[in-house]
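Using the sequences and the hints, build the whole thing.
Numbering (the numbering used here), first residue to last: 1 to 126.
Rather than coming from a laboratory, the hints here were simulated on the basis of the structure. Nothing here was measured: the structure is a model prediction, and the numbers come from that model. Check before you lean on any hint, since a few could be wrong.
DSS-like mimics (lysine-lysine), calculated; alpha carbons at most 25 Å apart, straight line [claimed, not checked]: (1) Lys122 / Lys44; (2) Lys107 / Lys44; (3) Lys55 / Lys107; (4) Lys107 / Lys122; (5) Lys55 / Lys44; (6) Lys55 / Lys122.
Quick list of simulated restraints, FRET-style, between CB atoms [to be verified]: (7) Leu65 / Thr95: 36 to 44 Å; (8) Ser91 / Val34: 17 to 25 Å; (9) Ser32 / Leu8: 20 to 28 Å; (10) Pro64 / Leu4: 21 to 29 Å; (11) Val110 / Leu40: 16 to 24 Å; (12) Glu58 / Val96: 27 to 35 Å; (13) Leu8 / Ile33: 22 to 30 Å; (14) Val96 / Cys30: 35 to 43 Å.
Just so it is clear, CB atoms sit at the ideal spot from N, CA and C, and this is done for glycine as well.
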Amino acid sequence: MNFLLNLLWAIFGGGLLTAVEYLLAGLILCLSIVGIPFGLQCFKLAGLAIAPFGKVFEPHYPSPLGFMGNLLWMVFAGFWIFISHVALGLSLALTVIGIPFALQHLKLAVLALAPFDVRVRKDVSP
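This is the structure:
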C-alpha cells in the first residue's frame, strides 16, 4: 500500500518536484565545506520527500552542534521551506483525495523546521 501511495505522491502530491528542489539545494550547499552539513540535511529531506508514506522521524541524540545547526537552518532556510510545505498542504487539503498528501506535506513541514538530530526510519507499526 505504501508503494502505491508513494507513487501517487510522486506524481500528484508534488513529491518529485520537491525532491528535485531538495537535491539541487543539497548539491549547491555541498560545494563549500561550511555548507556540507546543511547539504546532507537537504539530501535527507529529499529522500523523505520522494517517498514519505511508511516513514516516521524521531529525535536522535540531541547535541549542542545539532541545536546550532537547527537554529541556523531555521533562520536561513527552514522557515521558508516550512511555509511552502504548509501552503502546499493546505491547497491539497481542499479536496478529499488530497488529504493524505496534505498530511505528508505537514509531516515534511515539521521536519523542514529543524532537520538536525532527527532520524528518519521505516514505520513498523501495523
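We went through each hint and held it up to the structure:
{"no.": "1", "hint": "Lys122 / Lys44", "in the structure": "14 Å, holds"}
{"no.": "2", "hint": "Lys107 / Lys44", "in the structure": "14 Å, holds"}
{"no.": "3", "hint": "Lys55 / Lys107", "in the structure": "10 Å, holds"}
{"no.": "4", "hint": "Lys107 / Lys122", "in the structure": "14 Å, holds"}
{"no.": "5", "hint": "Lys55 / Lys44", "in the structure": "12 Å, holds"}
{"no.": "6", "hint": "Lys55 / Lys122", "in the structure": "4 Å, holds"}
{"no.": "7", "hint": "Leu65 / Thr95: 36 to 44 Å", "in the structure": "42 Å, holds"}
{"no.": "8", "hint": "Ser91 / Val34: 17 to 25 Å", "in the structure": "35 Å, violated"}
{"no.": "9", "hint": "Ser32 / Leu8: 20 to 28 Å", "in the structure": "37 Å, violated"}
{"no.": "10", "hint": "Pro64 / Leu4: 21 to 29 Å", "in the structure": "42 Å, violated"}
{"no.": "11", "hint": "Val110 / Leu40: 16 to 24 Å", "in the structure": "19 Å, holds"}
{"no.": "12", "hint": "Glu58 / Val96: 27 to 35 Å", "in the structure": "30 Å, holds"}
{"no.": "13", "hint": "Leu8 / Ile33: 22 to 30 Å", "in the structure": "39 Å, violated"}
{"no.": "14", "hint": "Val96 / Cys30: 35 to 43 Å", "in the structure": "40 Å, holds"}
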